[in-house]
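Number of protein chains: 2
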Amino acid sequence: MPELSNAAMERIMRKAGAERVSATAVAELAEAMEEYGTRLSKEAIELVRHAGRKTVKKEDVKLAARRSGPI
Amino acid sequence: MPELSNAAMERIMRKAGAERVSATAVAELAEAMEEYGTRLSKEAIELVRHAGRKTVKKEDVKLAARRSGPI
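Top to bottom, those sequences are chains U and Y. Per our numbering, residue 1 is the first one in the first sequence, and the count goes up by one each step. Per our numbering, residue 1 is the first one in the second sequence, and the count goes up by one each step.
Hints are not guaranteed to be accurate.
Note that identical chains are pooled: a pair holds if it fits in a single copy or bridges any two copies.
[What the hints assert, rightly or not] Within a straight-line C-alpha distance of at most 30 Å, the following computed DSSO-like cross-link-like pairs (lysine-lysine) qualify: (1) K42 x K54; (2) K54 x K15; (3) K62 x K42.
In case anyone wonders, no lab produced these hints; they're calculated from the structure.
Kindly generate the complete structure, drawing on both the sequences and the hints.
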């Protein structure tokens with residue numbers, strides 16, 4: 001499930017202060033971030049259904065992120 | 001800090017089961033995912049420095065993700 005580009009992952013790591021980054025670390029970050037995004041999305045979709053709606057709105061993602069606790 | 005594309009965010013949400021997705025929800029997901037990625041990266045970089053290395057490796061990201069707890 002490679003939705004996130006290596007270039008984006010590397011920029012995020014460099015912005016965070018990384019000096020050198022291995023290719024496998026980049027891939028690992030992409031996987032962890034995508035997993036997190038999928039989990040948030042599923043949580044948001046549950047909230048949407050609970051509210052009797054069909055469209056995922058900003059507030060659903062926000063609440064899902066809050067519910068997911070400290071990361 | 002827009003590193004993640006809207007198209008990728010929308011694909012992640014659709015894969016997770018979303019029927020319809022608002023543009024602001026897509027932006028919100030990008031922000032939450034990038035925040036998570038930044039936090040993981042900083043945590044990984046701390047582990048790298050602690051180990052006296054300069055290169056972030058896969059294992060650093062993995063351990064950072066585990067330390068960040070359930071998401």
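_Treating 30 Å as the Cα threshold, decide for K54 and K15: within, between, both or neither._
Answer is between; shortest inter-copy Cα gap is 15 Å, intra-copy 36 Å.
*asked:* One pair to classify: K42 and K54, alpha carbons no more than 30 Å apart. Within, between, both, or neither?
replied: Cα proximity of K42 and K54: one copy only (13 Å, versus 36 Å across).
*K62 and K42: within-copy, between-copy, both or neither at 30 Å Cα*: both (13 Å within a copy, 23 Å between copies)
Comparing the model with each numbered hint stated earlier shows that all of them hold.
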